[in-house]
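In order, the protein sequences belong to chains P and W. Going by our numbering, the first sequence runs without a break in its numbering and finishes at 227. Going by our numbering, the second sequence runs without a break in its numbering and finishes at 496.
Read the hints as simulated data drawn from the structure, not as lab findings. Keep in mind that the hints are not guaranteed to be accurate.
To be verified - Distance windows between CB atoms, simulated:
hint, chain 1, residue 1, chain 2, residue 2, range
1, P, 133, W, 332, 44 to 54 Å
2, P, 133, W, 270, 51 to 61 Å
3, W, 357, P, 42, 57 to 67 Å
4, P, 216, W, 270, 32 to 42 Å
5, P, 108, W, 301, 45 to 55 Å
6, P, 191, W, 301, 21 to 31 Å
7, P, 209, W, 230, 26 to 36 Å
8, P, 146, W, 301, 35 to 45 Å
9, P, 160, W, 270, 49 to 59 Å
10, P, 124, W, 334, 36 to 46 Å
11, P, 125, W, 272, 24 to 34 Å
12, W, 272, P, 216, 30 to 40 Å
Unchecked claim - Cβ-to-Cβ under 7 Å is the rule here; a few derived chain W residues that face chain P:
hint, residue
13, 237
14, 273
15, 278
16, 356
Note that CB positions come from ideal geometry on N, CA and C, so glycine has one too.
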Amino acid sequence: MNSAARLILVLAALAAGCSPDLREATGPLIPTPNVSGHVLRGDLPVSDQKVKLERADSTWAEDRTDIGGAFGFVVGDSGVWTLRVDSTQPDDFARVSYEFSLASPDAKPQIPTLDLSRHGLAPREPSAGEGHPVPSLFEPLRFRWDQSEPPARLEVRVYTEAFEPVWFSTQLQDDRMEWNGLGNQGRFRGRFAEAGAYRWRIVVDGAGALRMTTGWNELILQQGGVR
Amino acid sequence: MQMKPTDCWPARDRVARWIIPPLALLAASSVGGWSAPAQATGLNSGPWPMFHRSATHDARTTGVFPATAAIAWTNATGDTIEYSSPVIASDGTIYVGNKDNELVALTPGGSVKWVYGTNGNIRYSTPAIADDGTVYVGSADGKLYAIRSNGTLRWATPTGGAVKTSPAIAPDGTIYAGSDDKKLWAFRADGTVKWSFATGDTIRSSPTIGADGAIYFGSNDRKIYAVEPTGVLRWAATTGGPVKASPAIGQGADVIVGSYDGFLYSISAGGTLQWVTFLADEIRSSAAIGIQGKIYLSLGTKLTVVGNDGDLAWDRELGSVINSTPAVHTRLSDSLETVVVGAENGRFYAVERNAGIVWQALLGSPIRSSAAIANGRVYVCTLAGSVVCFGAPVTTDVEAGPLVSAGLVVSPNPFMSGERVTLRYAGGMSAPAPDGGRILVTDVTGRLVRTLALSGESPAVWDGADAHDRPVAAGVYLYRWELGDDSGSGRVVSLR
């Protein structure tokens, strides 16, 4: 490779925001991803799946998986990062994310497989499309779901219709959880839920900082509970 | 007559330390046994006869309170005392459970009176003393034990899981205790089961008894339960986390208890929510109830006080995680309340609202056991196994019964730099103690610090220095002694 061609490659790499490999005789001068992994659905690789790399809740870069479900990013900054995959497939989690930190720019973190499959985890109660009494200590609202296999560590999270957090359950490994209507998030902490429209979902914690989130479920609360 | 099991005991220093002599057994058999019907008796009239003092778990007392951290006596039992807390009978006997499966009885002066071994640890259960002197305690072997005041077994009734709660005694003599089998059990005074009440998970919350006889407790199924004395559910209140704290009855007969969801709940006896307040990420502490219904809690590294309306009254940062629950002393002349609590940094604190920490003592080992306040003294246990009595020094050790202990009496313990520690052989059970014994003092890694000569006639004196006459550093030291056929071990704590 002559020096002019090498210069063009370097400039192209720099323009793409990557750090080129300038070592002599070590192969093509293409930046090597230091953050890489795979997206699967069960045992099968998921191709052409968008993968986002986020920093401070905003997208920093995007990639699409190849035919083997692989993705990769070149990350030159240390700090806390999040990989995120979204799906609208019916048996998938709505989101799978993995938070990791880079201690140094040349670090290469171990990224677990991002598995979109819910493996049978599915919300069952409270049923959508009908009202439920405002919960209380003595008449709590029961959340139930079909168990995943193996049983996951998960949380139930309730939000307002405008996606404002109201109540996050403690982490549990069960197929049900009851809510007494008492909020524990933000301005709702210590306040009982009132009648109205809410949303809820299940957040599953996997290995390390791997987190899977189901899609939104509708929750309508009506007056009638005894407090 | 059943004796304490010996097959489960570790081989170390148990040989002749605490043996119940035949005379004591004879006496025991004459005052009650399997053949004699047990009488239903309520709670002992002692100053602190159960966990948090009373069946309502107020953990509060009045009368004399130590003005300083002066230590009257300590007894290094040598075995871990974790959440089991000392209780005081009307005859002054002190009882506490330890992680080495034992219920230990101490005389008012701090000498070991007897030890009863169960087949599981007594890490969580605080004993409860009945009016007839019977001591009830739960064990990880799954049984609730009833031990006579002379250290002999009255009965042991199995539940379906480890008993990690502190029993409560109702006025009619019924004993309540929760179990890891997810049930609250009601036992008659003769050890037969009256009823059991099933919950959805293990029970670590100790039952509280209301004025109307209702039993209140929490479960790891995240509920607070009110159960009638007949064993029928009165109400169940759902919280957002396991309820491991034990309820207390607050002002107006309301049930006060915190949950791992971080909320403190006040619920009426009839089952109406009075108030709820968010205090922390999780509430593990049982509440002590002060004058005017003030609620004292240990939360994280803070001693926290909540008014009877649920509003925060005041709190005090203690700089170390607090895993013990508070106990309160009220001075009746001016309603001044002093709270005592131990922390993971090994310090024991007496705290007042305006004065802050009025006294404190470094006991050299984490304190998870809750204190008892009685007759001008404060009793507390450390994780290293010391029972420490704060208050006026004891001049004579009033015996509440036959002294059946033997071993080495170490005083003072803990000791300050420059103090001389006396290690006196307390005498064997039969033959006169021979000479020619020795005491090996090591650090916790087993490194030999000092060798002392021991005889049965005169005490060994340790000047707190190592073999090169250098004062030892602050910390826990282990000793092992041998004298003739007798031997034992223990711990001594150096404070700088």
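Hints violated by the structure (listed by number, smallest first): Violated hints (numbers, rising): 2, 5, 7, 9, 10 and 16; every other hint is consistent with the structure.
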